[in-house]
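If you read the sequences in order, they're chains A and B.
Position in the first sequence (first residue = 1) + 21 = our numbering.
Position in the second sequence (first residue = 1) + 125 = our numbering.
Simulated from the structure, these hints should not be mistaken for lab results.
Any given hint might turn out to be false.
To be verified - Residues of chain A clear of chain B, computed beta-carbon distances all greater than 12 Å:
hint: 1; residue: 41
hint: 2; residue: 122
hint: 3; residue: 178
hint: 4; residue: 393
hint: 5; residue: 422
hint: 6; residue: 479
hint: 7; residue: 572
hint: 8; residue: 588
hint: 9; residue: 591
hint: 10; residue: 622
hint: 11; residue: 667
hint: 12; residue: 670
hint: 13; residue: 671
hint: 14; residue: 677
hint: 15; residue: 678
As the list claims (entries may be wrong) - Restraint ranges, calculated between C-beta atoms of paired labels, are given here:
hint: 16; chain 1: B; residue 1: 182; chain 2: A; residue 2: 85; range: 51 to 59 Å
hint: 17; chain 1: A; residue 1: 220; chain 2: B; residue 2: 179; range: 27 to 35 Å
hint: 18; chain 1: A; residue 1: 220; chain 2: B; residue 2: 138; range: 27 to 35 Å
hint: 19; chain 1: A; residue 1: 35; chain 2: B; residue 2: 312; range: 30 to 38 Å
hint: 20; chain 1: A; residue 1: 652; chain 2: B; residue 2: 243; range: 41 to 49 Å
hint: 21; chain 1: A; residue 1: 193; chain 2: B; residue 2: 158; range: 50 to 58 Å
hint: 22; chain 1: B; residue 1: 246; chain 2: A; residue 2: 220; range: 32 to 40 Å
hint: 23; chain 1: B; residue 1: 182; chain 2: A; residue 2: 678; range: 31 to 39 Å
hint: 24; chain 1: B; residue 1: 187; chain 2: A; residue 2: 207; range: 35 to 43 Å
hint: 25; chain 1: B; residue 1: 149; chain 2: A; residue 2: 652; range: 40 to 48 Å
hint: 26; chain 1: A; residue 1: 653; chain 2: B; residue 2: 138; range: 47 to 55 Å
hint: 27; chain 1: B; residue 1: 312; chain 2: A; residue 2: 220; range: 25 to 33 Å
These numbers were taken from a predicted model, which means no experiment stands behind them.
Glycine included, C-beta positions come from ideal geometry on N, C-alpha and C.
The chain contents come next:
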Amino acid sequence: MLTLLGLAFLALLVLAVLGGTGRAPRIAFLGCAVAMGAMGLVGASALLGGEVPPTPLPFGPPWAPALVAVDALSAWFLLILALVGVPASLFAAASSPPPRAEGAAFPLFLAGMAAALVAADGFSMLLGFEVMSLASWGLIAARHPRGPGRRTAGLYLGFALFSGLCLIAGFALLAPAGLGFAAIRATPPEGWQAGAVLVFVLLGAGSKAGLVPFHVWLPRAHPAAATPVSALMSGAMVKVALYVMLRMLLDLAGPAQPLWWGLPLVAVGGATALLGALRANLEQDIKAALACSTLENMGLMAVGLGLALLFRGADLRPLAALALAAVLLHALNHAGFKALLFLCAGAVVGLAGSRDPDRLGGLIHRMPWVAGCAMFGAASAAALPPFSGFASEWLLLQSLIQGFRVAEMSVQLVAAAALAVTGMAVGLAAAAMVRFVGLVFLGRPRTPMAAGAQDATGLMRASLLIPAVASALLAVLAAPMLSLAGGAIQVLLGPNARPAVAGFDLALGELGTRYAPWAVAGLLALAVTILVFAVRRRSKLEAVHAPAWDCGFMAPPPHLPFGDPLSQVSAAGLGQPIRRSLGGVALVIHERHGAAAPGSAQPATLRVTAEDRGVAQLLRPLARARRRLSREAEGLRNLTLRAYLGIAFGTLLGLLSLVAWLERG
Amino acid sequence: MTFGQLPYDMAHVLGGGMLLVSFVLLYQRRTAALVNALALQGTLLAAAAVWQGYVQGAPQLYVTGMIALAAKGIAIPVFLHRLMRRRMPDRAIEPARGIGLSMLGGVMLVALAILVVLPVTTGAQALARENLAIALSIVLLGMLTMLTRRSALGQVAGLMTLENGLVLAAVGVTGMPLVIELSTAGLVLVIIVIAGFFARLLQERFDSLDTDMLHPHRGEGP
């Protein structure tokens, strides 16, 4: 298996060179798909027992060789990476050839993510993480040589550097003895150092995963990239950040960490979930709405991770295993349906020509395959019962309900509040999916482009079907998949932890609540079959195609062959109730009313501009501070010679005094 | 090798002498006396280097000593004297701060140097420890001299004191290769030449050695 892993990495490096030359882009991307398939194979075989023990490589940093290992946790996330990577690479192969820089950065991006997952020492893990960050920045920047896209790439790079620095600081505190994971586990951090590790991991991996308040870049950067890259960033890259959090907080920091470690994660995760779900209802861009839905799902996973830490700190191992199972299963499910949704959105953008829902509509008639896949993915993302998202979110809500078993009153209250917030976020996410499907695929076409769109064919259709079929399998076989993740749970919680599985059901203990996806799916299928049969065969009335109801508007004029656009709901209109009632939680909203002059026939106008609270409360003050600092630094250029000497001398004296003070202590 | 033995005492006396001369450089107002003090410090440095060469049995330190004597003890002072005779007949120069204040600052700098060096070097030879403390004091005093002087000549004196301190530290450490000392000495020689050229230009253009005169003539600014 180690050989296969090495070959996959080697292939990705060769493909990066090939992509950089710009020749045969299709072959390069197909090669990426094959390499990703190999990674998935390595992961699956490790989950089935063929783990790779820590192996030193013949190269590495000067002080020690680099170590790679595939334990169950790494294997699970390799599986997630493959689940997104294979269809994304196929989709890229089916799309028009990208710029050369993108062809080179795409395999590097994949290799960086895989390297971060299989590394068994801090240095290699950070190296993979940074390669992933830089390559994904390159993928965005290559698409946008200038303009707002370039500024987005700059913002993303800033956050990526910030997260890298925080993770380096975290590892520095974690590894006084050595950077190998075995050495770190042998000397877990204590006291203030452990607290500082938590803070740095939250800042570093959390900002990469898009947790509040460092979420600002994510809804901008993910849609700015090409579609397969968006799918990878939303489906896989944030999972790598989640993996880093799991690895550092649950595994490397040792089992003896206090209970309160979970509280910040639960709080931040709940806030992220709510904010993401809210924004997903208000975006005017389908890819941005999907990116916001990623925020919501990452928030849910952070809540689960926090709960696992809480339960472990309270010595409730079975409940910690339940929360962790929810996190791991949801990571896999989310990878499946988010890759599917992003690729469907990309197919819509490519074939119907717009990302604005107000220029789409009615695509279900022209693109039945894409529409079917997208509706399947949306049903999973909305957590409807037989579909894949439901199983993991059910587990998560169950573990939140079990929060009352922790003795501390404060934890009980936090769990109850998190339950309410999470439930609201899940509901809002379902509303966002209704909006996505309804505006893009249902109704009537809003533009001629949308009316003349062609369905996805060949390789592109295959790239949509792979995650769709995987999501369907995950929906029905949630329990067997979760028992595969048992090894990963044991890596993090000790050898006695078991996932909450009973046969083909998900179950909390032998007698507790249980969810049988196969039974629900079977009953629903039966009901639908009976219904279809009854309508088609038993009904005495013929099926009739009637004109769509248009809310009582008058018949459209002849120059509007697809009907009056005003008689169909718009994206802003559908989001309006949520914007009015809850929008202020996530956004700073300005409305400008332009009333028509009396007697004028002009329509009145309403202009709404919205900005994320993170921009107003985090980025703006940061930008102001930077401007002030640069003004101060500018003032330093106009000093006398003696003042410069004085500054140098003062600095030297200060450092020497620091040394003298440190030696005393 | 501790207090009371000849190698230690001798090195201590030479280093202490250099430190004393640094204080002289800090307060001396008359330029001629300033240059003489510089020459004295250079000579003391040469003696210290030769003594260390004898104690450590390192013949290359004799070369260092010879260079120090030739350059700092003789050549540079003679050059500075000639410059002064031609340009400014025996003019007194003013330190920017009061004498008492700069002396007090100097004493505090020596205390800081001792506080920093002695705990760091526990376990090293007593000779090396004291030597390093004295050398760091001389470096800091040189910087203070540069800071408190307004004339270009005073700043050159401060720079040379600083360099003397560095060389003293270098010769006190056993096993330092010759090439480092030589390159440091060469570097400082170049800096001195540039500074001398700069001072002459300054004198010709503005009829003064006060570096504050330069400030309004910079190419940039509001």
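Hint by hint, here is what the structure shows:
{"no.": "1", "hint": "41", "verdict": "holds, 43 Å"}
{"no.": "2", "hint": "122", "verdict": "holds, 38 Å"}
{"no.": "3", "hint": "178", "verdict": "holds, 32 Å"}
{"no.": "4", "hint": "393", "verdict": "holds, 67 Å"}
{"no.": "5", "hint": "422", "verdict": "holds, 59 Å"}
{"no.": "6", "hint": "479", "verdict": "holds, 64 Å"}
{"no.": "7", "hint": "572", "verdict": "holds, 66 Å"}
{"no.": "8", "hint": "588", "verdict": "holds, 64 Å"}
{"no.": "9", "hint": "591", "verdict": "holds, 54 Å"}
{"no.": "10", "hint": "622", "verdict": "holds, 57 Å"}
{"no.": "11", "hint": "667", "verdict": "violated, 6 Å"}
{"no.": "12", "hint": "670", "verdict": "violated, 5 Å"}
{"no.": "13", "hint": "671", "verdict": "violated, 9 Å"}
{"no.": "14", "hint": "677", "verdict": "violated, 5 Å"}
{"no.": "15", "hint": "678", "verdict": "violated, 7 Å"}
{"no.": "16", "hint": "B:182 to A:85: 51 to 59 Å", "verdict": "violated, 41 Å"}
{"no.": "17", "hint": "A:220 to B:179: 27 to 35 Å", "verdict": "violated, 58 Å"}
{"no.": "18", "hint": "A:220 to B:138: 27 to 35 Å", "verdict": "violated, 55 Å"}
{"no.": "19", "hint": "A:35 to B:312: 30 to 38 Å", "verdict": "violated, 49 Å"}
{"no.": "20", "hint": "A:652 to B:243: 41 to 49 Å", "verdict": "holds, 43 Å"}
{"no.": "21", "hint": "A:193 to B:158: 50 to 58 Å", "verdict": "holds, 54 Å"}
{"no.": "22", "hint": "B:246 to A:220: 32 to 40 Å", "verdict": "holds, 37 Å"}
{"no.": "23", "hint": "B:182 to A:678: 31 to 39 Å", "verdict": "holds, 38 Å"}
{"no.": "24", "hint": "B:187 to A:207: 35 to 43 Å", "verdict": "violated, 54 Å"}
{"no.": "25", "hint": "B:149 to A:652: 40 to 48 Å", "verdict": "holds, 44 Å"}
{"no.": "26", "hint": "A:653 to B:138: 47 to 55 Å", "verdict": "holds, 49 Å"}
{"no.": "27", "hint": "B:312 to A:220: 25 to 33 Å", "verdict": "violated, 46 Å"}
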